[in-house]
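Protein chains in written order, with our numbering: chain D, 1 to 321; chain G, 1 to 321.
There's no promise every hint is true.
Think about it this way: if two alpha-carbon atoms lie no more than 16 Å apart in a straight line, the pair counts; the simulated EDC-like pairs of lysine to aspartate or glutamate are [to be verified]:
{"no.": "1", "chain 1": "G", "residue 1": "LYS107", "chain 2": "D", "residue 2": "GLU270"}
{"no.": "2", "chain 1": "G", "residue 1": "LYS196", "chain 2": "G", "residue 2": "GLU297"}
{"no.": "3", "chain 1": "D", "residue 1": "LYS265", "chain 2": "G", "residue 2": "ASP311"}
{"no.": "4", "chain 1": "G", "residue 1": "LYS298", "chain 2": "G", "residue 2": "GLU117"}
{"no.": "5", "chain 1": "G", "residue 1": "LYS196", "chain 2": "G", "residue 2": "ASP250"}
{"no.": "6", "chain 1": "D", "residue 1": "LYS107", "chain 2": "G", "residue 2": "ASP169"}
{"no.": "7", "chain 1": "D", "residue 1": "LYS265", "chain 2": "D", "residue 2": "ASP311"}
{"no.": "8", "chain 1": "D", "residue 1": "LYS107", "chain 2": "D", "residue 2": "ASP311"}
{"no.": "9", "chain 1": "G", "residue 1": "LYS91", "chain 2": "G", "residue 2": "ASP122"}
{"no.": "10", "chain 1": "G", "residue 1": "LYS89", "chain 2": "G", "residue 2": "GLU65"}
{"no.": "11", "chain 1": "D", "residue 1": "LYS196", "chain 2": "D", "residue 2": "GLU297"}
{"no.": "12", "chain 1": "G", "residue 1": "LYS265", "chain 2": "D", "residue 2": "ASP311"}
Examples of chain G residues lying across from chain D (beta carbon under 8 Å, computed) [unchecked claim]:
{"no.": "13", "residue": "THR20"}
{"no.": "14", "residue": "PRO23"}
{"no.": "15", "residue": "GLU28"}
{"no.": "16", "residue": "MET45"}
{"no.": "17", "residue": "ALA113"}
{"no.": "18", "residue": "ALA275"}
{"no.": "19", "residue": "PHE310"}
{"no.": "20", "residue": "LEU315"}
{"no.": "21", "residue": "LEU316"}
Hints were generated in silico from the structure; no laboratory data involved.
Each residue gets a CB set at the ideal place from its N, CA and C atoms; glycine is no exception.
2 protein chains.
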Amino acid sequence: MSFTVETVKEARERIRDYVTETPLLRMEVLDEFLGCQVYLKLENMQKIGAFKFRGAMNKIQKLTEEELACGIVAASSGNHGKAIAYGAKMKGAKATIIMPNTAPKMKVEAIKALGAEVISCDAAERFEVAAKVCEEKGSTMVPPYDDYDVMAGQGTLGLEIMEQCPEVDTVIVPASGGGLIGGVSTAIKGVDENVKVYGAEPSVLPRYSVSLEKGEPTMVPMPEVKSVADALVSNRPGLKCFPVVRDHVDGFAAVDDTYMLKAMKMLLMEGKILAEPSSCIGMGAVLQGLISVSPEEKVCFVISGGNLGFDQLELLGGVNY
Amino acid sequence: MSFTVETVKEARERIRDYVTETPLLRMEVLDEFLGCQVYLKLENMQKIGAFKFRGAMNKIQKLTEEELACGIVAASSGNHGKAIAYGAKMKGAKATIIMPNTAPKMKVEAIKALGAEVISCDAAERFEVAAKVCEEKGSTMVPPYDDYDVMAGQGTLGLEIMEQCPEVDTVIVPASGGGLIGGVSTAIKGVDENVKVYGAEPSVLPRYSVSLEKGEPTMVPMPEVKSVADALVSNRPGLKCFPVVRDHVDGFAAVDDTYMLKAMKMLLMEGKILAEPSSCIGMGAVLQGLISVSPEEKVCFVISGGNLGFDQLELLGGVNY
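So here's chain D without its partners, still in its complex pose:
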């Protein structure tokens, strides 16, 4: 498989009629806080509130009529599940989302409201259950990140960045398994190899920092205390994502929760933008001093999603930036 900017461009044509071209805003008011010229790619304003819809839709668009008729399956309690449910609905296909029986009722109801069937099971058994559904019904399972079509779909937001802000110097991307940063970095370097691309991951789950150091995809231990970055929970890079990321990304920062929350509160109170804690990790990396930027540098932060409950704003009480 040769995964290049052309793969991403093809994905873009495939999903163009379904996906929102999200705003990229110059956000001067944050310059003094972050020490650079701040641009935000607002993927929290994507359909379903997160970038995951791009990859899901690219995968779904590649299915034949026959495959669509057999349904689509995803194992996810988060944005990936929502994205598959929404994309399937758009194509008139049936989605089955496998969710852990510990998932909050609100999330289950949100998925059901999109017309999907929800199967609850023990978290540890979710992939087994998903495989069983696929076997029984001939449905297609869509993985959350370790897949070239998914990666290509996510990468389309990189192409948009390069069109909306061709003068950008640096792009900072939240990272987990590597679907988003794999696609985005490939797209950006394919358009302009001089643009720097950095990844930001939680310091308690530094799967890319560790794997790049070792030179191979490496599993890191699950932390005892979970990070607030509840969308960045992979403990190993995707096997397809890893070489793509390795070849295109200039570096990784492993960011502490404290700095994600500072960034989230700053983005909300100064920038007037609500984002998930996970999505603020790039700004957190700069606030923590892990990625060096300069006052004239045009830095685009990918704000990858905005799905959180009102109660989660309590996280920001007492946080200073």
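Position chain G relative to chain D; hints supplied.
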């Protein structure tokens, strides 16, 4: 005084180098909630976090070197005071802001941080104190709305709307004394007389609804319980604003606090945008059914400001939309 779209265009040239051209976003995710095609003019991303900077800067730009040297005065504990302080700083002039001694310490410190002098006094005496400062020092007092230069400055955001979204059908503007809606309606009707412009004001302070009914600027009683719209507190239309608004605005809605808060929470949780309660009043008017819109109608809501403390988010606890 002939106040026309040309007056607003002149203001625009005068303040162009100082003011941010704020984003106008198509916000599809809110369509189903509001029953129309939703566009947002994000003046909460203006310098100082509110539209007030436009009018203040237009006034300041018209001052001579000599006048600037004598300083600028404003009586305001809110966005107008911040706007004057910031504008004065940009021009190297001294600002004196008269604030009621009941103003929260945070607001006083914010104004001081912009380099302004703050004089605290009894709220009832604030205009007297301001007049005294002007007399002693020869400073220029800038009124918050009842002034053609201020109105023209605010109107520049209407010109931006017509450039950023020339296909707009309807614009809904928060209203208090009438500086914003006077300027914006003049600009919009001057560019395209077919665009409808509506004002939205708190139902407990319906100064325009009452005054337009009576045919003259009319004082309405101050409510016993204050509205959450703490930036829309005038109890009478500005005398200069009234005829301008009367001649250009298609109608007013008097909106209940409940609907402002529903709109504010919806804008935050679905649209991912933080705005002041006052700024959500236009969306509140539609939610309350006071302004009729249709699914194909392109409706631009002016989100006039975003200055609020984190604690004020408590207002949204328990609010459903």
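Which of the listed hints are broken here?
When the structure is compared with the hints, numbers 4, 6, 9, 17 and 20 turn out to be violated.
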